[in-house]
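S.K.: Chains as they are written, first to last, in numbering that gives the first Met the number 0: chain A, 0 to 414; chain B, 0 to 151; chain C, 0 to 378.
I should point out that these hints are in silico values taken from the structure, not numbers from a laboratory. Keep in mind it's a predicted model, so treat the numbers as computed, not measured. Mixed in with the good hints, there may be bad ones.
What the hints assert, rightly or not - Away from chain C, derived, C-beta distances all over 12 Å, residues of chain B:
(1) 33
(2) 70
(3) 106
Claimed, not checked - Heads up, simulated DSSO-like pairs for lysine-lysine below, C-alpha to C-alpha not over 27 Å straight-line:
(4) 149/C with 150/B
(5) 37/A with 43/B
(6) 150/B with 86/B
Every residue gets a Cβ at the ideal spot worked out from N, C-alpha and C, and that includes glycine.
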Amino acid sequence: MGRQVAIASAGFCEHAVRRSDVSMPEMVKEAIDDCLSKVPSVGIEDIDMFVNGNMPAFEGASIPELWMTDWMGARNKPLMRVTTGGTTGGTVAIAGYYSVAAGLPGVDTVLAVAFEQQSQGDTSVGLSSVALGELTAIQSIGMPLQKMKRLVSAGAAIGIAAYQATNYMRKSKITEEDLARVVVQNRRNAAKNWYTHLKMPNVTIEEVLDTPYISYPLRFGMVCPASDGCCAMLFTTEEKAKDMADIPVYVNGVASVANETGIMGYNAGGGGQLDPSEQLGAQRSAELAFDQAGISFPGKEIDYAEVYAPFPNQELMWVEKLGLFETNTAPEMYANGTTAANGEFPINTSGGVNSTNAIGASAMERPAEAALQIMGKAGNQVPKTVHTSLGHGWGGIINLITMMVMADEPKRKFK
Amino acid sequence: MTEQNVVTNKGMVRAEFNFWVGKYMDKFYDNLENKKIVGNKCPKCSDVFVPPRQVCGKCNETIPLEQNWVDLTDTGTLKNYTITKWKITERGSRKVKDSIIGMVQIDGSNTAIIYKLLDVDPADVKTGMKVKIEWNDKTKGEPGDIKGFVKA
Amino acid sequence: MDKVGIVGYYYMKMSPDLIYGRYNLIFETVRGALDSVNLKKKDITTVISATNDYYDGRTISNAYCVEPAGAYLADESKAEMDGAFAAQYGLMRILSGNHKLAVVWGGSTPSCYPYDSAQLYQTDPTFERPIALVNNITAGGFQMRAYMEKYGVSAEDIAKVAVKNRKNAAKNPLANPEAQNANITVDDVLKSDILSDPVTELMYAAPCDGLAAILLAPEKQALKITDEPVWIKGVGSNQDPYYLGDRDLSECKSMEMAAKMAFDGAGITAKDVDFAEIFEQYAHEELILAEAIGLAEKGKANELNSEINGDIPINPSGGAIAGHAPFATGLMRIIEAVKQLQGKADGYQVKDPKVAIATGQIGFCAQNNILYVLEKGGN
Numbered sequence: 000m001g002r003q004v005a006i007a008s009a010g011f012c013e014h015a016v017r018r019s020d021v022s023m024p025e026m027v028k029e030a031i032d033d034c035l036s037k038v039p040s041v042g043i044e045d046i047d048m049f050v051n052g053n054m055p056a057f058e059g060a061s062i063p064e065l066w067m068t069d070w071m072g073a074r075n076k077p078l079m080r081v082t083t084g085g086t087t088g089g090t091v092a093i094a095g096y097y098s099v100a101a102g103l104p105g106v107d108t109v110l111a112v113a114f115e116q117q118s119q120g121d122t123s124v125g126l127s128s129v130a131l132g133e134l135t136a137i138q139s140i141g142m143p144l145q146k147m148k149r150l151v152s153a154g155a156a157i158g159i160a161a162y163q164a165t166n167y168m169r170k171s172k173i174t175e176e177d178l179a180r181v182v183v184q185n186r187r188n189a190a191k192n193w194y195t196h197l198k199m200p201n202v203t204i205e206e207v208l209d210t211p212y213i214s215y216p217l218r219f220g221m222v223c224p225a226s227d228g229c230c231a232m233l234f235t236t237e238e239k240a241k242d243m244a245d246i247p248v249y250v251n252g253v254a255s256v257a258n259e260t261g262i263m264g265y266n267a268g269g270g271g272q273l274d275p276s277e278q279l280g281a282q283r284s285a286e287l288a289f290d291q292a293g294i295s296f297p298g299k300e301i302d303y304a305e306v307y308a309p310f311p312n313q314e315l316m317w318v319e320k321l322g323l324f325e326t327n328t329a330p331e332m333y334a335n336g337t338t339a340a341n342g343e344f345p346i347n348t349s350g351g352v353n354s355t356n357a358i359g360a361s362a363m364e365r366p367a368e369a370a371l372q373i374m375g376k377a378g379n380q381v382p383k384t385v386h387t388s389l390g391h392g393w394g395g396i397i398n399l400i401t402m403m404v405m406a407d408e409p410k411r412k413f414k
Numbered sequence: 000m001t002e003q004n005v006v007t008n009k010g011m012v013r014a015e016f017n018f019w020v021g022k023y024m025d026k027f028y029d030n031l032e033n034k035k036i037v038g039n040k041c042p043k044c045s046d047v048f049v050p051p052r053q054v055c056g057k058c059n060e061t062i063p064l065e066q067n068w069v070d071l072t073d074t075g076t077l078k079n080y081t082i083t084k085w086k087i088t089e090r091g092s093r094k095v096k097d098s099i100i101g102m103v104q105i106d107g108s109n110t111a112i113i114y115k116l117l118d119v120d121p122a123d124v125k126t127g128m129k130v131k132i133e134w135n136d137k138t139k140g141e142p143g144d145i146k147g148f149v150k151a
Numbered sequence: 000m001d002k003v004g005i006v007g008y009y010y011m012k013m014s015p016d017l018i019y020g021r022y023n024l025i026f027e028t029v030r031g032a033l034d035s036v037n038l039k040k041k042d043i044t045t046v047i048s049a050t051n052d053y054y055d056g057r058t059i060s061n062a063y064c065v066e067p068a069g070a071y072l073a074d075e076s077k078a079e080m081d082g083a084f085a086a087q088y089g090l091m092r093i094l095s096g097n098h099k100l101a102v103v104w105g106g107s108t109p110s111c112y113p114y115d116s117a118q119l120y121q122t123d124p125t126f127e128r129p130i131a132l133v134n135n136i137t138a139g140g141f142q143m144r145a146y147m148e149k150y151g152v153s154a155e156d157i158a159k160v161a162v163k164n165r166k167n168a169a170k171n172p173l174a175n176p177e178a179q180n181a182n183i184t185v186d187d188v189l190k191s192d193i194l195s196d197p198v199t200e201l202m203y204a205a206p207c208d209g210l211a212a213i214l215l216a217p218e219k220q221a222l223k224i225t226d227e228p229v230w231i232k233g234v235g236s237n238q239d240p241y242y243l244g245d246r247d248l249s250e251c252k253s254m255e256m257a258a259k260m261a262f263d264g265a266g267i268t269a270k271d272v273d274f275a276e277i278f279e280q281y282a283h284e285e286l287i288l289a290e291a292i293g294l295a296e297k298g299k300a301n302e303l304n305s306e307i308n309g310d311i312p313i314n315p316s317g318g319a320i321a322g323h324a325p326f327a328t329g330l331m332r333i334i335e336a337v338k339q340l341q342g343k344a345d346g347y348q349v350k351d352p353k354v355a356i357a358t359g360q361i362g363f364c365a366q367n368n369i370l371y372v373l374e375k376g377g378n
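Extracted from the complex, chain A is given alone in its bound form (with noise of 0.2 Å):
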């Protein structure tokens, strides 16, 4: 059952902090075009199926996707819409890896979009109604509210990424220095990628290191910006793939696996994930993707990857739980070279979520990234050829990983 899926093209627009100059869907055409620019051959009438997705209550729109059907060429062709929070752009490109994978009749060729305009809501908004239904659960059972804050991701989602660094840290032992090290790579990396939102070439530790915290160990200086962003993603079989990219990229596995919910549970009863740094998950998303596409070894036989990190910390974190490094080793990779762009392992040379972030596009824009590094277009391609690589994403209440393995030959292991 099922068949080998392709990736065709992927394509950006261009990410800033307010996209001003144009509405929600005249953005997500930009990437749409650029996507499809890449593969001249194919044109909006040979898409059989679309997928979209973004954070709904970010930007104040109900399912929008209905609103934008022409701007998006899905005029009388059938559409999907996923969305599961900050992981909604891997599970856009995972529901269009599905799409082909099925072989529903008169469905070959699938355009994933995923998209954010934050500018237009107030994120924070949308930030605490996640933590609403918790706060007021909690409250019910008598805990003051202020006390709650501090604990949970009351506000946003660095309150939560804090809890993880803190708990990490301490496993780990990692320096402050440490996690500046990481963003510096990312924000020099970013000035190089035409699309991104915080390019700073010059960057040091020392600059990182000089700004206020938010909440330690983050600093100012560590954290993702929020910005307006669109991704789009070409899924097609692997016959078709050959007349349409030059070096088609093979999704040789994929997964969406979801952890406990939050902190203390869905229902307050502390139940949930005691230690979100733990990320069972995580390593299952990644047993489960790497089985399907034949990987035993991920960290030699991967050649790039791009994981979602909006906070320093959880970059480290990531590459470790997803098996790239041995645990406690990544700060030394950092710290030699080895994720450089032009290291042995290139890691997030897009300059990753850390320095663009329009959240319901970071989760698709890793596996887009990953795949452009393989046909050789990424914005800041490496210099080694890669043949096999990896895009990460996570989301929910730290609960939801996406995972999306290729490579440049089909290697899917049918089950």
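Given the coordinates of chain A, work out where chains B and C should sit on it, guided by the hints.
M.R.: Coordinates of chains B and C only, in the frame set by chain A:
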């Protein structure tokens, strides 16, 4: 990258969202402020859109921003209508008076916009009747500049 | 298309207000589907939910449903569409070969949020939303007038559909009690409160609380799980343009194309269908959709005998008018079709059906439609 008009929506959660209207609607609202209706024309099928859009969905054709603008009148034809007492923005609340909501095709355009019909007896409303825009006294370059439509 | 079976299902009795906690409802629904065929949490490999952040009043609403929906350490995703679309995603995941048992659940509790005004959030925020004249109710008014004026169908003809569906609902034990009425007349429907002229309150599928879940499995596994699987033979979906002014509301082109895709995939035509479960937001929409599917000529669906014992029964369960639980309604249409094919629709059973269709939709005036062709399996 230049900044354009925004339209503000008051949300139920008491959060305000500012939507960038984009390049095409920006020009539309600039004209609306001067009590003028503009549309744009698909270069392929010649359909005229009010309000203007970037894409003709029928042809999958991008309409260039600088071209194909059409000046239109403030008259049109009622294509469809519905009458309701219910308030759209609030659950379960209704007004004393019926509002007649009309779908009006501006003369020279190929689509229809939805506004209230003003000063018309519900019994007199017929699809196909000619209507014309009732402008707000003070226009601000936003959708509310058109108060509604009256019998032409 | 390889065979995929619907092997289990569950939905609880709908109600205007279920008064229960949301997570308890999700647990009861998913657990109910698993229990219907004696499966366990560990058997689930993927879970797809159908919910909407606006309806749930919380961003990333699916994140909190992981444990009650049995998705812990399973491959999880959310389709922010009607449950019938989520079922398509579940189907694709099974067809890919990556998964052996998919749970698809959907639903919401409109008793907790203003359903009709929440629809305003779907409108174009740069033009229509500030004027606030378009929501599902006024869109329904436009649609009914367009249909009546184009084909000369009378309000009585449309009221008859509401009467049929509400009478059928009275026989369906899981229907919303407010929709069940065995003695309703055409006059009652026409004289009920006007929602948006010409639509009256009893022609409208009023939102109510409810959730639904189905289980999908590949052929081999399906036959191990149950003796009476129902096979998905074909599926098709399609999307119309957004602006109501762009569309001919008297017909539904997207449903025509969705039906063609599904029928072609299944290798059948509309004539081979024994009965239909159609997601209609309004009485008149059942007629428009039935015509789009090809069950009747345009403008003639009111002449069909669509009663339970008629030539082509439509919505023997009462359809969405029997209870419209947003984001579960399409799944409920699938479940009701499966029940009929299994001969388990006690009190409203269609005689010996073999092939059924079930539809789902989302958007104003059925902008985006999906249609399933389902076939009786087993003995």
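S.K.: If a hint holds in the structure, say so; if it does not, say that too.
M.R.: Checked hints:
Residue-level check passed: residue 33/B sits 18 Å from the nearest beta carbon of chain C, beyond 12 Å. With a minimum CB-CB distance of about 19 Å to chain C, residue 70/B clears the 12 Å threshold, and the non-interface call stands. Under the 12 Å C-beta cut-off, the non-interface status given to residue 106/B relative to chain C holds; the minimum distance is some 14 Å. Taking the CA atoms of residue 149/C and residue 150/B, the gap is near 23 Å; set against the 27 Å cutoff, the hint holds.
Straight-line distance between C-alpha atoms of residue 37/A and residue 43/B comes to about 24 Å, which keeps the hinted pair within the 27 Å bound. Between residue 150/B and residue 86/B, the direct Cα distance comes to roughly 24 Å. Compliance with the 27 Å bound is thereby established for this hinted pair.
Checked against the numbered hints above, the structure breaks none of them.
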